[in-house]
Structures are given as structure tokens and as C-alpha cells.
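Trainee: Could you put the whole structure together from the sequences, leaning on the hints where they help?
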Amino acid sequence: MRAAGQAQSYPLSELAVMGVGQVAKHLRTFLHLGAKAESDFRTHRPAALILIDYPGFHWHLAKRAHRYGIPVYYFVPPQLWAWAGYRVARVRRHFTAVLTALPFENEWYQARGVRTHYIGHPFFDEVRHQVLDGEFLAAERAKPGPIIALLPGSRTMEVEMNGPVLMHTARKLLAQHPAVRFLVAAFQPKHAEMMRGYLAGMSLPVEVHVGRTPEIIELCTACAAVSGSVSLELLARRKPSVIVYRMSWLFNALARRLVRLKYLTLVNLLADALLYPEFASDNDDSDKLVAVLDGWLTHPSQRAALVAKLDDLATRVGKSGAIDRAAEFLLAELRRTQPG
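Going by numbering that gives the first Met the number 0, the letters in the sequence shown line up with residues 0 to 339, in that order.
Be aware that one or more of the hints could be misleading.
[Stated by the list, open to error] Listed next, the in silico DSBU-like pairs over lysine-lysine satisfying Cα-Cα at most 35 Å (straight line):
#, residue 1, residue 2
1, K287, K318
2, K142, K318
3, K171, K308
4, K261, K318
5, K318, K308
6, K62, K261
7, K171, K287
8, K308, K261
9, K142, K308
10, K189, K261
11, K171, K189
12, K287, K261
13, K287, K189
14, K318, K189
15, K62, K318
16, K261, K171
17, K35, K62
18, K35, K189
19, K142, K171
Rather than coming from a laboratory, the hints here were simulated on the basis of the structure.
Mentor: Below is the structure:
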């Protein structure tokens with residue numbers, strides 16, 4: 000958004016935290032940002048407030064904007080259908096409309112009295128506009144051996160919890176398939192250094208890269224990924240993947256009590272079937288990840304069958320244009336409510 004000309008007051012992505020402890024650690028910053036935003040609402044009165052994901056803090060902003068009569072729209076709303084359905088009352092109270100990303104999500108919000116507009120998932124727009132680095136692809140393809148992609152997540156806490164699991168997976172899989180090699184797609188340099196640290200003392204054919212996620216996904220035979228929206232990119236590129244999400248024992252216990260979902264992964268939810276094997280626990284599930292990856296490497300027919308199912312699903316739900324549909328809806332809203 001900055002590249003498109005947006006003036007950013009604060010890089011909120013740096014506050015992508017989860018859990019009570021992490022929120023408490025940054026509480027002063029959240030309070031400061033909330034007060035600054037309310038001051039802007041009062042003095043500048045924007046035509047609309049558009050919030051993207053990030054429940055909790057954004058709900059406080061929505062409440063304050065609503066207080067000043069500013070229309071509030073949610074773009075890619077929080078997944079309340081997964082973990083906190085009772086909180087939909089806040090959305091109904093403070094949001095003018097929700098721009099939904101998933102078909103079943105749209106139906107869920109509408110059934111609970113929330114005005115929605117279905118646009119599809121913007122992740123498919125991102126895939127459509129990606130320009131892959133041909134030199135990088137050619138250089139990696141010139142090296143021997145099948146590639147397994149390792150995606151440790153975009154949050155530091157996710158890398159801390161899952162990075163070691165992915166390294167253990169690589170070590171164990173290499174023992175069964177000596178020709179295989181691994182490419183790590185780190186979200187930022189800090190995460191790359193963390194992953195290299197987990198490699199210390201291990202002699203493994205692992206390369207760690209930053210800013211190469213699309214290329215690494217395109218190159219891989221299969222992938223082991225931390226659960227997140229990146230699974231939609233894996234779907235768009237028809238890549239067999241096993242999903243992991245290691246968490247603390249406390250977070251795991253809370254999740255088991257609060258989350259009411261048949262599947263953890265967005266791809267599986269869209270398919271209403273277990274296309275991507277998924278393992279979420281407070282344990283090291285590397286043995287389970289190895290078993291899945293070994294099956295795809297040992298039996299190409301199994302991999303091909305899954306790719307066919309991914310292709311069918313992606314053809315049905317992976318339509319690009321979400322960003323354009325969102326913009327068209329929001330502009331129409333402003334013309335309707337604020338003529339001239």
C-alpha cells in the first residue's frame with residue numbers, strides 16, 4: 000500500500016502479535032496508536048475507515064470511528080467462524096459492511112445479520128501479479144535432486160515454535176531420501192537468521208532465502224508449511240503440502256476448547272476435505288510430516304492424484320480480481336453515502 004501512495008503513520012505489521020503476554024508487552028504502543036487514530040478521526044474526519052484483518056486492536060478503532068459517524072468497512076475480516084462466533088455482535092454493531100474473502104465465510108456472516116459483499120480472497124490477486132525471478136529459478140533447477148520447500152511462517156513467534164520442527168523434518172527426510180534438498184522461504188531477514196541458527200551443527204542441504212517465497216513454491220516437489228494464508232498460494236500453484244502449527248501447551252489447550260472447526264487449513268476448509276494433511280499440537284510432529292512427504296516422494300501417483308484435486312479446487316475458488324471488486328464496492332458506497 001505504501002508503494003501505491005499511502006501515507007503510513009505506523010508499520011502495524013510489526014505488531015502482529017498473538018497471546019495475552021505478547022499483547023501486554025506492547026500495550027503502551029497500542030494505547031498510543033489508538034489515541035492518535037482517534038485524534039485523526041476527530042480533526043480530519045476521513046470519508047471511510049477500511050480495516051484489514053487484525054482483530055482486537057482494529058475493533059477498538061472501529062468503535063471509535065463509529066462514534067464519530069465514520070463508515071467502517073472490514074476488508075478480509077477476522078475468522079470468527081473458527082474461534083469466537085459470539086464476537087460477531089461487535090462486527091454487526093460497529094461495521095457498515097464486511098468484504099468477505101471465502102464463500103462459506105460470506106454465508107456465515109450473512110446468517111448472523113452482518114451486511115457483506117463477497118469479493119474473493121486477495122491472495123489470488125497477489126499470485127496473479129507475481130513476476131518470478133527467472134535467473135533464480137534456472138539456477139535452482141540446474142542443481143540435482145527434488146526440492147522440498149520449508150515455510151516457517153510470517154510471525155516471529157511462529158518461526159520460534161515451528162522452525163526447529165521443520166529442521167528436524169529435513170534431517171529425518173534426508174535419511175530416507177539422500178538426493179532431496181530443501182529451500183527455506185523466510186518472511187524477513189530476522190527469520191532467516193533464526194532458521195540458520197536452527198541449522199547450526201547439522202550438515203543438511205538447506206538454503207535459506209528471504210523474499211523468494213513464490214519462486215520456492217514454484218520450484219518445489221512438495222512443501223512443509225506453517226498454517227496460514229500462504230496455503231492459498233500453495234493451492235494456486237497446485238503444490239502438495241503438509242501443514243504444521245506447533246504452539247505452546249497453554250495456547251493448544253485454549254485452542255482445543257475455543258476452536259470449532261473441522262479443519263485448520265484454509266485449503267481444506269474450502270474443499271471440505273483433507274487435501275493438505277495438518278498437524279497442530281504442542282509437540283514435535285516432525286515424524287508425521289516426514290511420513291507424508293515420504294509418501295509423495297516414494298509414490299508419484301499419490302502426488303499426482305492430489306495435484307489433480309488441487310487443480311479442480313483452484314479452478315473453482317482461485318479467481319483473481321478481489322482487490323478490484325473491493326475498490327469498486329467501496330467507491331460505490333462513498334458515492335451513495337457522500338454524494339459529491
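Trainee: Compare the structure with each hint and give your call.
Mentor: Now the hints, each set against the structure:
no.: 1; hint: K287 <-> K318; verdict: 32 Å, holds
no.: 2; hint: K142 <-> K318; verdict: 34 Å, holds
no.: 3; hint: K171 <-> K308; verdict: 28 Å, holds
no.: 4; hint: K261 <-> K318; verdict: 24 Å, holds
no.: 5; hint: K318 <-> K308; verdict: 16 Å, holds
no.: 6; hint: K62 <-> K261; verdict: 32 Å, holds
no.: 7; hint: K171 <-> K287; verdict: 11 Å, holds
no.: 8; hint: K308 <-> K261; verdict: 19 Å, holds
no.: 9; hint: K142 <-> K308; verdict: 29 Å, holds
no.: 10; hint: K189 <-> K261; verdict: 34 Å, holds
no.: 11; hint: K171 <-> K189; verdict: 26 Å, holds
no.: 12; hint: K287 <-> K261; verdict: 19 Å, holds
no.: 13; hint: K287 <-> K189; verdict: 28 Å, holds
no.: 14; hint: K318 <-> K189; verdict: 33 Å, holds
no.: 15; hint: K62 <-> K318; verdict: 33 Å, holds
no.: 16; hint: K261 <-> K171; verdict: 29 Å, holds
no.: 17; hint: K35 <-> K62; verdict: 14 Å, holds
no.: 18; hint: K35 <-> K189; verdict: 29 Å, holds
no.: 19; hint: K142 <-> K171; verdict: 21 Å, holds
The structure agrees with every numbered hint stated previously.
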